[in-house]
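Visitor: One-letter residues, chain by chain:
Protein chains: 2
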Amino acid sequence: MKDCVVGIDIGGTKLAAGLFDRQGNFVARGKLPTGSDCHPDQVIEAAVQITRSLLQETGIGREQVEGVGVGIAGHVNHEQGIVLTNSNLPEWDYHPLREILEKRLALPVILDNDANFAAWGEFRFGAGRGSRHMCYLTFSTGCGMGIVIDGKLYRGATGTAGEIGHTVVNPDGPLCSCGKRGCLMSYACGLALDRMARDSIGCSEETLLRSLCGDCPEHVRAETIAEAARQGDPVALRILTTAGHYFGIGLSTVVQVLNPDTIVIGGGLTHIGPMLLDPCIRALNDNIHPVLRDSARVVLSELWNDAGVMGAGAWIWERNP
Amino acid sequence: MKDCVVGIDIGGTKLAAGLFDRQGNFVARGKLPTGSDCHPDQVIEAAVQITRSLLQETGIGREQVEGVGVGIAGHVNHEQGIVLTNSNLPEWDYHPLREILEKRLALPVILDNDANFAAWGEFRFGAGRGSRHMCYLTFSTGCGMGIVIDGKLYRGATGTAGEIGHTVVNPDGPLCSCGKRGCLMSYACGLALDRMARDSIGCSEETLLRSLCGDCPEHVRAETIAEAARQGDPVALRILTTAGHYFGIGLSTVVQVLNPDTIVIGGGLTHIGPMLLDPCIRALNDNIHPVLRDSARVVLSELWNDAGVMGAGAWIWERNP
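From first to last, the protein sequence lines stand for chains L and W.
In terms of the working numbering, the first sequence opens at residue 1 and continues consecutively.
In terms of the working numbering, the second sequence opens at residue 1 and continues consecutively.
These are calculated hints, taken from the structure and not from any lab test.
You may find that some hints are simply not true.
Given that identical chains are not distinguished, each listed pair holds provided it fits within a single copy or across any two copies.
Derived lysine to aspartate or glutamate pairs resembling DMTMM-like cross-links, with alpha carbons at most 20 Å apart [as the list claims (entries may be wrong)]: (1) K14 / D41; (2) K152 / E102; (3) K2 / E63; (4) K103 / E63.
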């Protein structure tokens, strides 16, 4: 009986995978230090290797595996199984990842954006269980969204719905990596935190950030900012407040446009806690029409790093219900 | 055989209605000078009166009418048939309009937000025919949106999805009627145009607007601004450019979050034409991620004022397919 699936989540720098059953119980899992910032050939090798190890290690045969779900950062056309764009490597543009993996693995493969699959993971097994219209947002190096509508993953016309990170929240805001000004991502993600910290150090504000990064502004990371803020540094606190505030404005857009019953927030930055999340929830409540207040349950992820792996695998069953 | 429906569209100042068949052919139509800015009792009388006239005038009996669809501005709970809030009249708050109309008309009644029903009208009979994921936006006194996903009207968890007018596009922007700053509505609707014109006249800028409104800034309307712009007035042109630009930013949010295949733009302001719409399309293209460029067909309404009436009536058949 085919009752297992493999889920693979290809992040920027690492690849996580798991083999699990219909109830969401992991039989095995693994990780490899390669990701979408690497050449596609390396990532394909890693995906093949990790799938083989999962099967070998458990003694589960290919015939018991329904398929392999693969989530990857960037823009993906799920139906065609193609990565449209991803990170900075042109080798990923229009890359037919699904077809190649299907041949190499001799198993059915599905491909989608990592935020979509993480949303599906939380919906099926995590903090979104029991919801009907759910949005999952990552507050992490970048900022992405996956949407579940009427209990189904919603991808939009060309598979790129949920691109909340590039919605404009301030036309006079900082330059975003996409070339526009004032995208949500230019305030509310790890890259934006780093930039704000570097700017503050650069303009010689009095701040603990300088000593904590050993006077090397380019070494500032979210953890440095969180540490300075915990020590009461006003510059670090202001940066976290700004990022949280804008993430909350992003949430207010989600609530007003999509009116979900549940919003699940995941991503590493959320571990910074109330210094970041309190301004976020305040901005959400301040920026929605009063009639929408409390319309959505806002909860933290339950699956964290497993969300993408579990959603990727579990979507196989949706394809073959 | 029940093969007709009545659609009623309750705008701010007038009520429009029509009796039509499954193919969208009007058998009769009518209008009354009352709307959601009036007391609910007046509106109910008008709705009853216009429905009776439509039936009398055509000789069509109640038994041939499947039901009456009613669209109204403001927040509506479709399932409960209740107006949540609307205009400035507290009498509308939590008003059980559907139940009252069903008793008075002795016909099944459905109730929804006017933008939702206008979206459905364009989807079934107008510029959205053949689409799958469609958004309808009004660029009018206010600014609203109706969403069709997978060929069905999407209302969200509490019936208030599509609240694009109150998404924040500039946190430092002008005060909106909802109390927040920099909502899309504070730039991109008729009320915002009037305010920008009054502000320009007030700060003694050299502008044709002053003479065109007979030196009474409170008499400035969108038509005054359009007329001044047609005569080359730079202040009026700047106002239209600003409004169009921000409406385009709103469209970019819709494209990035919902990734529809079709966007239909309706509402009276669109008749101002390229002076307003060119900056809008430019801002849309400038503010979406390149991978989403040309992902949505952007078209003008085909049904205009009939969209709300036709969508309201036609949704009766969705309820009884």
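Visitor: Each hint: holds or not?
Guide: Each hint tested on the structure:
1. K14 / D41: within (14 Å within a copy, 64 Å between copies)
2. K152 / E102: neither (24 Å within a copy, 34 Å between copies)
3. K2 / E63: within (7 Å within a copy, 55 Å between copies)
4. K103 / E63: So K103 and E63 pass the 20 Å test inside one copy only (16 Å; across, 62 Å).
Hint 2 alone, counting from the list given before, is not met by this structure.
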